[in-house]
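Going down the list, the protein sequences come from chains U and V. For the first sequence, counting from 1, position 393 maps to 393 in our numbering; every step adds exactly one. For the second sequence, counting from 1, position 188 maps to 188 in our numbering; every step adds exactly one.
Each hint should be verified, as a subset may be incorrect.
Unchecked claim - Which residues of chain V face chain U? A partial, calculated answer using Cβ under 7 Å: (1) 153; (2) 179; (3) 361; (4) 377.
As the list claims (entries may be wrong) - Each pair of labels, with its calculated beta carbon distance range: (5) 100/V - 146/U: 43 to 53 Å; (6) 434/V - 125/U: 43 to 53 Å; (7) 366/U - 35/V: 49 to 59 Å; (8) 319/U - 401/V: 30 to 40 Å.
Source of the hints: derived by calculation from the structure; they are not laboratory data. On a predicted model such as this, the values are computed, not experimentally measured, just so you know. Each residue gets a CB set at the ideal place from its N, CA and C atoms; glycine is no exception.
Spelled out from the first residue to the last, the chains are:
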Amino acid sequence: MVLMYRWIFFKKTCVLIGLTLFLSAGIIRAEVFKPQLFKLANGLKVVVISNHRAPLVTQLVMYKVGAMDDPSGQTGIAHFLEHLMFKGTKNLSPGEFSKIVARNGGKENAFTSRDYTGYHQSFSSDRLEIMMQIESDRMSNLILTKEDIGPERQVVLEERNTRVENNPSALLSEEVNAAFYLNHPYRRPIIGWRHEIELISRSNLLAFYNKWYVPNNAILVIAGDVNASDVLGLAKKYYGGISAKEIPPRVKWAEPRHQSDRRITLRHKQVRQAQWFKKFIAPGVMQDAAASRALGILAEIIGGGTSSQIYQSIVVEQKIAASAGAWYDGETRGPGAFSFFATPLPGKSILDVERAIEKFIADLIEKGVAREEVAVAITRLQDAAIFARDGLYGPAVILGRALAIGLSVDYVEQWPKRLSSVTNHDVNRAIRSVFGRRGSVTGLLLPEKKE
Amino acid sequence: MFVRLLFLVLLALINVHGNANATAIEEVTSPSGIKAWLVRDHSIPLTAVRFIFRGSGAISDPKGKAGRASMASALIDEGAGALQSQIFQKQLQDRSIVLSFIADKDFFGGTLKVLNKYRAKGVELASLALTTPRFDLTAVNRIRAQIVTSLKAQAARPGYKARREWSRVIYNKHPYARPVVGTQKSVTNIRNRDLHSFVNDNLTKDRLLVSIVGDISVEEVKSLLDNMFESLPKVGKQTKVGAAQIPAKGALHVFSKAVPQSVVLFGHRGVTRKDPNFYTAYVINHILGGGSFTSRLYNSVREERGLAYSVSTHLSVRRNAPLIIGQLSTSNEKVAESIRLVRSEWRKMAINGVGEETLKNAKSFINGSFALQFSSSDRIANLLTILQYYNLSPSYLRKRREYINLVSRNDIQKFARKFLNADALTFIVVGQPTDLKDTNAPSRREFQTK
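Let the hints inform the model, and build the full structure from the sequences given.
What follows is the structure, encoded as structure tokens:
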């Protein structure tokens with residue numbers, strides 16, 4: 001988009017709440033990053049994506065720890081710690097990290113998801129060494145003082161206000177999530193519940209840091225105008241000296257069988273426009289890679305853009321919704337989800353759109369998708385894998401994310417190729433197994449007075 | 001395999017060796033006279049085309065029909081020539097062709113991003129959209145409903161309300177005060193003939209700027225330009241707008257909304273892009289509130305006191321309404337304190353300027369980070385478009401560093417005194433601030449700061 005003037009409200013630091021909704025543009029695509037993978041003696045995985053288009057580099061460090069690893073009673077700690085990683089270390093005073101990045105012409109940020117936490121900088125390739133030096137420093141040398149934690153806790157609470165409390169649809173999503181997962185920690189908000197953010201202590205934070213911020217729980221991705229042997233040399237020099245630690249066994253979280261369909265309604269004073277959505281539990285890529293591929297293709301066919309089946313049927317032909325679509329969120333350590341949304345057209349009710357989408361889903365289970373539709377969707381996803389190569393940050397995040405949730409480099413590289421083997425029978429089988437059973441949650445956002 | 005890889009790497013090195021700022025911009029003219037700026041990059045088999053029609057944005061919306069340019073931007077790819085909306089959209093999507101349009105206050109722009117294997121089709125569809133959009137009634141009604149429901153959904157958010165009120169207060173009677181997307185009422189007044197006249201009057205060659213990035217030859221660019229833009233009319237109607245009367249006196253406007261956190265917008269008159277003090281103002285803004293994790297406002301409001309998650313300022317350099325604009329969001333009970341800190345940083349900079357070390361660090365960020373815009377086709381195309389929009393020459397890529405380096409502490413000291421005026425700041429607050437006086441009054445109250 002050619003936006004030269006724009007209100008930029010969230011360009012500041014730090015959080016990516018939730019995985020990016022992934023429609024066709026956000027998915028893992030591949031085959032062409034041609035990364036090289038190394039492993040240091042201390043267990044740190046190093047991924048190098050050489051791209052000599054311009055003398056620029058992106059560094060990304062991913063820790064395999066996210067909000068799902070927040071201990072009970074400490075929701076939001078993974079995210080809170082991410083903010084505090086910009087404070088002081090044994091070698092740098094609070095805020096100095098960001099000053100060094102800026103002084104070297106770099107841009108930086110960080111994000112926390114349910115599954116992982118990432119820190120990244122982009123800069124000119126002649127600044128690689130200093131950036132690797134300071135990023136490695138905060139892997140083991142963080143110092144947290146009460147003076148750092150106090151104001152930052154307020155910042156996080158303000159962030160919660162901005163993202164959630166001031167935003168009725170985010171409030172609803174938070175409560176839908178809490179109902180959607182019966183057991184898995186995905187039920188808790190990434191940013192945390194307010195009353196628990198207020199209580200997280202310095203010793204809680206340090207314990208979390210010491211437990212998870214270790215090289216054998218991290219992935220270093222360097223993308224850009226570099227060669228692998230230089231990167232490996234620098235990685236050994238700066239990250240190689242950090243000791244590995246035993247990572248405590250992780251809980252093998254899983255959902256029990258869901259027996260009921262649930263319905264969450266939020267009536268809110270600020271809401272003027274009703275919105276409807278529905279989520280189904282679906283296999284995530286780590287549970288069932290083949291089903292996950294099929295569901296990605298399904299989302300492209302029924303929910304991807306204005307040519308999609310849902311938009312065509314419910315918005316264009318039936319004229320019930322102003323907008324409608326679907327997406328699959330399955331690039332996750334834990335269970336995935338398949339979601340539908342719709343906004344009723346003026347004059348139509350939330351129940352009208354609900355009936356129309358339920359009918360759409362029933363037809364889908366009965367009739368399935370056609371071979372030709374699957375072929376077109378596969379081509380589009382493969383095209384997206386070519387677009388994905390255009391940049392440094394994008395490829396770094398795709399690979400970093402994949403490794404952080406437990407996929408291999410090979411999975412990413414072979415993804416476009418493996419898509420080709422998915423048939424409409426695979427997709428139809430996935431449809432029946434995801435939508436043909438109970439366990440969905442429907443969310444309704446409504447104005448305060450009766451519609 | 002190995003040899004081929006080595007070869008590719010060598011080619012790439014030759015292409016961009018040294019400094020990203022040395023990226024070559026070529027100026028290309030098609031046989032029919034369409035001009036474009038081009039950066040050739042063979043790393044990925046795609047082509048990105050950006051185009052802008054100057055002066056064709058929301059300022060061209062007729063009275064009572066605010067949102068016309070924006071509605072046209074949403075509808076221009078909903079069917080063109082003989083292709084009805086569904087067929088047109090399907091032809092785009094089946095080939096992964098990204099064709100999108102946007103209306104700004106001042107300009108109307110578009111992007112075509114396409115894999116080279118589909119380039120010819122992409123250009124054909126883009127050209128159809130620009131020259132013979134259909135604006136069929138069913139499509140118009142569908143998009144209108146989307147605009148209305150999206151406006152209603154946004155009404156729940158205090159930030160939306162704050163931006164609306166900001167525009168009203170700052171631009172007052174100027175056309176800029178009208179929302180680019182229109183209002184629920186104004187979009188119902190827009191007919192398909194209004195959209196056709198928008199296209200006929202505004203999408204013309206006399207105001208067209210084109211930027212192209214990608215794996216494409218100069219000859220291919222020439223034919224692309226003619227295929228895509230040659231059949232546009234030569235000239236159209238120019239919309240003349242005068243300068244906005246930006247309030248010279250400071251004020252505080254509070255708009256009540258039952259949310260836990262108030263959104264605060266603030267600012268006053270700024271500088272145009274052509275102003276001789278533009279670069280000085282640019283550096284001042286960076287140090288004050290522009291530099292994301294290192295600015296003075298960030299340190300004072302966020303890092304030291306934890307009052308806000310985000311706080312920043314930026315320069316808006318529209319010729320007819322130059323502004324410095326800031327924003328923050330803070331709990332209802334901390335609004336007065338946050339406003340006090342903003343004013344205090346404003347005064348501090350106006351009175352004391354900046355230290356040598358601060359200036360040096362700011363320049364090294366501004367110069368060093370500029371090259372990051374060369375990391376993807378989209379960002380390069382965006383940069384080319386901005387340069388053309390502000391009538392800068394390709395040599396700007398080289399010269400910018402010098403312009404920034406010339407800004408001295410003395411320049412900043414002298415100019416900040418005139419430019420930054422804490423008493424002239426207009427504040428818009430949307431929320432339920434508890435620490436400002438008189439918060440139970442009706443929806444709108446004004447306080448003079450002094």
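Here is what the structure says about each hint:
no., hint, result
1, 153, "holds, 4 Å"
2, 179, "violated, 12 Å"
3, 361, "holds, 5 Å"
4, 377, "holds, 5 Å"
5, 100/V - 146/U: 43 to 53 Å, "holds, 49 Å"
6, 434/V - 125/U: 43 to 53 Å, "holds, 51 Å"
7, 366/U - 35/V: 49 to 59 Å, "holds, 56 Å"
8, 319/U - 401/V: 30 to 40 Å, "violated, 56 Å"
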